[in-house]
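S.K.: For chain A, the structure is supplied; the task is to place chain B on it using the hints.
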Amino acid sequence: MIEQVRRQSVPGADLTVPPILEMAGISKRFPGTLALDHVNLAVRPAEIHALVGQNGAGKSTLVKILAGDYATSSGAISIDGQPVAIHGPRAARQLGIGIVYQELSLLPNLTVAENLCLGREPRHGISIDSRRLLQESAAALKALGLERIDLHRRIGHLSLPTRQLVEIAKVLAQHPRILILDEPTAALAPADCDRLFEALARARAGGVGIIYISHRFQEIIAVCDRGTVLRNGRVVSTFATRDTCLEQLVEWTLGQKPDRYAQALAKDATTTSEPVLAVSSLAIGDRVADVSFQVRPGEIVGLCGLLGAGQDEVARALFGDQPAARGVILWKGKPVLVHSPRQAKKLGIGFLTENRRDEGLIPDMAVRENISLAGLHAITWARWLPLVRRGKERAATGTAAARTNVQAGALGRPIRLLSGGNQQKALLARWLMLDAELFVFLEPTRGVDVGAKAEIHRQLAALALAGKAVLVVSSDVPEILALAQRILVMARGRLVAVLDGTRATEEQVLLAMQGGYTHAS
Amino acid sequence: MLPSARARARRPTGERGKTRWTEHLIGFLHTFGVGLVAIALLLIFGLSTPYFLSRANIDNILIQISIVGVAAIGETMVMLMGGIDLSIGSIILVSAVITGALTTNHGLGAWPAIGAGLLAATGIGLVNGIFIAGIGIEPIIVTLGTLIAAQGLGQAILANEGSWIQVTNPFFFSLATDQVLTLPAMAVVMLAFYALAAVLLRDTALGRHIYATGGNRRAARLAGIPIGRVVVATYALCGLCAGVAGMLEIAQLGIVSQNVGDGMQFNAITAVLVGGISLSGGKGRVEKTLLGVLIVGTITNYLTFRGVSAYYEQAITGGIILAAVFLDHATRRRAQ
Chain A
1 MIEQVRRQSV PGADLTVPPI LEMAGISKRF PGTLALDHVN LAVRPAEIHA LVGQNGAGKS
61 TLVKILAGDY ATSSGAISID GQPVAIHGPR AARQLGIGIV YQELSLLPNL TVAENLCLGR
121 EPRHGISIDS RRLLQESAAA LKALGLERID LHRRIGHLSL PTRQLVEIAK VLAQHPRILI
181 LDEPTAALAP ADCDRLFEAL ARARAGGVGI IYISHRFQEI IAVCDRGTVL RNGRVVSTFA
241 TRDTCLEQLV EWTLGQKPDR YAQALAKDAT TTSEPVLAVS SLAIGDRVAD VSFQVRPGEI
301 VGLCGLLGAG QDEVARALFG DQPAARGVIL WKGKPVLVHS PRQAKKLGIG FLTENRRDEG
361 LIPDMAVREN ISLAGLHAIT WARWLPLVRR GKERAATGTA AARTNVQAGA LGRPIRLLSG
421 GNQQKALLAR WLMLDAELFV FLEPTRGVDV GAKAEIHRQL AALALAGKAV LVVSSDVPEI
481 LALAQRILVM ARGRLVAVLD GTRATEEQVL LAMQGGYTHA S
Chain B
1001 MLPSARARAR RPTGERGKTR WTEHLIGFLH TFGVGLVAIA LLLIFGLSTP YFLSRANIDN
1061 ILIQISIVGV AAIGETMVML MGGIDLSIGS IILVSAVITG ALTTNHGLGA WPAIGAGLLA
1121 ATGIGLVNGI FIAGIGIEPI IVTLGTLIAA QGLGQAILAN EGSWIQVTNP FFFSLATDQV
1181 LTLPAMAVVM LAFYALAAVL LRDTALGRHI YATGGNRRAA RLAGIPIGRV VVATYALCGL
1241 CAGVAGMLEI AQLGIVSQNV GDGMQFNAIT AVLVGGISLS GGKGRVEKTL LGVLIVGTIT
1301 NYLTFRGVSA YYEQAITGGI ILAAVFLDHA TRRRAQ
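Order-wise, the sequence lines are chains A and B. Residue numbers for the first sequence, in the numbering used here: 1 to 521. Residue numbers for the second sequence, in the numbering used here: 1001 to 1336.
Treat each hint with caution, since some may be false.
In silico SDA-like pairs for lysine to any residue, Cα to Cα no more than 25 angstroms straight-line [claimed, not checked]: (1) 64(A) to 1329(B); (2) 1283(B) to 389(A); (3) 392(A) to 1221(B); (4) 346(A) to 378(A); (5) 1283(B) to 174(A); (6) 392(A) to 1329(B); (7) 1283(B) to 1196(B); (8) 346(A) to 385(A); (9) 142(A) to 174(A); (10) 1283(B) to 408(A); (11) 142(A) to 155(A); (12) 346(A) to 1315(B); (13) 64(A) to 118(A); (14) 1283(B) to 379(A); (15) 332(A) to 343(A); (16) 346(A) to 1227(B).
What the simulated footprint calls covered on chain A by chain B, stretch by stretch (three residues with Cβ under 8 angstroms from a Cβ of chain B suffice, anywhere in the stretch; the number is not a length) [what the hints assert, rightly or not]: (17) 344 to 350; (18) 361 to 375.
FYI, nobody ran anything at the bench for these hints, they're computed from the structure. Glycine included, each C-beta is placed from N, C-alpha and C at the ideal position.
Only chain B is shown next, with the shape it has when bound in the complex:
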């Protein structure tokens, strides 16, 4: 017998043997748990109220989640890299204010105005990244700073423009009302961004570098990865996503007012956590964030539909975060 064949023959038969079904189940839950929860919620809610699964309500949910959905893409990237971005709520405000003001009060077309809004959003992200990577300050501190600074900036511009802006540009109107491939246009925008982000994270050098930086920063550096550039690029991308969320916010509301984007960072982080991406980074997929967004959005929609007050809604959302984090923690530990 060849040595390799002998070695194989000698291996104890038990090595690949029986695994208890509970362990299979835990492994399965760890991989598909979020998806199962989403499906279960849709079923339960759908059975309890027929209207819930009606076409109109599904479109409604999709439109509602598209804003936080796009914002959560950027947050996913940042958290996968081992960082956190608290400033996206303010970035949404700034980009919405700039775009809204330029098209409504300064006569710019929709596209140049959107360009300017996205540029500003990306710029704030860049500032985050440069402070974090270049100077080495903790992301939570830097982005808390930009959260407050950008909030002030956005409110100041808004005050200058007459404290609220009614955006009448037909582009934004059609974004909110049009259907593309039988889906609401805003939902299509969100799904397109998820598709782009999935490809970016899985199949581009930057995506791999984001995972590597989050997974083991020092090892990534020693593998020759330009950590600084990766950090800056990721925060810039997160800013860009927040900017796109700002554009969707204009479309959905038709009005840019003081509370645009307010607290959105927490909704985005909730969705990311419910999707199973841990704060320590390096592990998880953006597709799961979409499920997280869907779960949170579905529950909110159902509670609103049932006439539960907004205060309870908040309490329940908080409970969801804790439950998600607990489930993830429990299955992760058992799966290893």
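For reference, chain A alone in the conformation it holds in the complex:
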């Protein structure tokens, strides 16, 4: 009785209200796997319903069923109590289902405004009414507090987080009745997350049923009303966020008690040696100016900042992916020019980005060949005979894969079939095999599940222990605090603070990140 009363007091989780969306006994079979096994999910109007689980737990499959991308193998879907069949994305839209994908669906060559109104452009007879197009898209951005985004810019020229915000605005502008967000905050800085949450609260107040997928459990507890945990394609638990806690969520998703990160390991590493990398007065176009720092062997340096503060650009400059970079880069004391990723690789710089799909994976290649791709020169018969030695390749990729805990059985499969976490581990193995000396990581755990995240953190710590220099760019402040011995904070394209990672608090880092915005620079 008490239990029931408490549930009812949770906004949006009033169990007496009939669900707007109900999925009953949904199964989805793929050759060789059962991706979903009799999954039940009910979302009520004015509810934010979390969908939680590791990568490969079946969340994406469930979303794809609602999107009309997959047909179910068995089970029934009803909307407002009416059984429905979702034959394709168009049908999903007509049923009022709006989806914000993790992988963006914006067209890079169209402007922000054109993307926001794509497929439902206001017309003037047969031509597009461009004034209304601008008005409507401006309204869509304003609803999310994003007036600062230029409507006339091409999407391809925007940073990934900004694109993510535009994508969310686009879906919300269609006023869906059921809204699904697949890790919407993965690319967002805290301020932008707050904007998103406000917009979600507004949508909820309007009676929209929201499915919210995220790996950030704190966020789920703060934002969602109820939730469902998936593991291996099955529902493990359906909960009211009021009645749960972080540790409980982690335990449900993992199926075991959470591990502790290996930060203690990294922080023990002594760093008295000469810096392997020294950057001074680095400037990139008009976005970054006067950035200087050093990274020593055996050290993990964290680099963070708000969205667009320049930390991405700095990291990319180190890998030769920023043509406009100027300044002096000393590699082991010698000045070097890093004009291309190839040069960076030759120096011994490994690179792992947030954008696995576009910047890391060769999707149809086997995992093994993805790992060996950057290091082929080391496993050929001779310089003049560039034939890959299969045995050597197996050995080298096997060792690297074992170090990152990629299942040995997966090495022969195309990498696109792996879960996000395993893909990221395989890409890390690529640079381990090459024996790089400096590892630059851009949001290394973005969009990977809890288990893989802990493992990647352990990897980073192990790299530092093995004497490698590590630079981690992350907008996940707890992650930076857990890993880094020194924390570089950027704001408005400048380095504004260097903090001791063993002593700094989350508040200090967040405050420093705001720095450039409160003081005129």
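M.R.: Below, chain B without anything else, positioned relative to chain A:
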């Protein structure tokens, strides 16, 4: 129990469970479909006319397909890399004209003449690659340009040499008539090149780089692959293959005339597509191109044998492309 053992025990038993037989079938068709089609065609044609599977006709088919077969190797590499080469027909003409003219009218031996022809072919491929990689122009535009330019060049040289060249050099004659290991020499040349290409694509750095560039160009660049060099090398190799096809053309015809190589790029692309390599690149194998060549060649041979007019032949070939692309598309979607 150890944690890992516990995790394993807890995994639902259904995960590796039953798969519907239709899904197995689709997966199987996706992998072996081209081979099955080739075998089925050989059987059907063979049963309908006993002559079809006779030794003489099989040799005949092998000789007929060897030219487009070798040309299709280069096209395969280019398409795997995510590009396309429309210029190979003209490259075949230029290389055949140069080699033919040098051995017949200028008294060079077969080998130096072949060297010169192949060098010219590779050179045109290099030009393609440099324009595409260095200046960043779309491959379809660049190779259309070289198609027309090389065509003009080839015709001009040919006009200078007396508008056609009868090649009497015994080397080319024996290439067309000799048997090696009981197979026609031209077919052996083709098979040798397929073997080389298979090794190159699978086991060399360049081959891996070709797949990576076609599969995800940006990711390949960030993995430190010299994309520009890979593109140039691939187009050069495609030119070289077209040059070899030109040499085989001389051997088969004995005459270099204006229409040598004409439209060969389309035959090669047809074979590549029938073999299941998509225009987007990154996926497929050169062995399947050989099957594609075999399928198209077999059908052409059968239609000719049956006295079907060349016009219908063309219509049917076009139909085959559409059917192949449809089948590939359908099975690919289901297999994922």
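S.K.: Indicate, hint by hint, whether the structure satisfies it.
M.R.: Results for each hint:
1. 64(A) to 1329(B): 20 angstroms, holds
2. 1283(B) to 389(A): 22 angstroms, holds
3. 392(A) to 1221(B): 24 angstroms, holds
4. 346(A) to 378(A): 12 angstroms, holds
5. 1283(B) to 174(A): 37 angstroms, violated
6. 392(A) to 1329(B): 36 angstroms, violated
7. 1283(B) to 1196(B): Distance ~18 angstroms between residue 1283(B) and residue 1196(B) Cα, so the pair holds.
8. 346(A) to 385(A): 20 angstroms, holds
9. 142(A) to 174(A): Judged against 25 angstroms, a Cα distance of about 14 angstroms means the pair holds.
10. 1283(B) to 408(A): Holds, at about 23 angstroms.
11. 142(A) to 155(A): 18 angstroms, holds
12. 346(A) to 1315(B): Violated, at about 53 angstroms.
13. 64(A) to 118(A): With Cα atoms ~21 angstroms apart, residue 64(A) and residue 118(A) stay inside 25 angstroms; holds.
14. 1283(B) to 379(A): 23 angstroms, holds
15. 332(A) to 343(A): 15 angstroms, holds
16. 346(A) to 1227(B): 15 angstroms, holds
17. 344 to 350: Three-residue rule met by the region 344 to 350 of chain A, so holds; n is 3.
18. 361 to 375: That given contact holds, which follows from 9 residues of the region 361 to 375 of chain A lying within Cβ reach (below 8 angstroms) of chain B.
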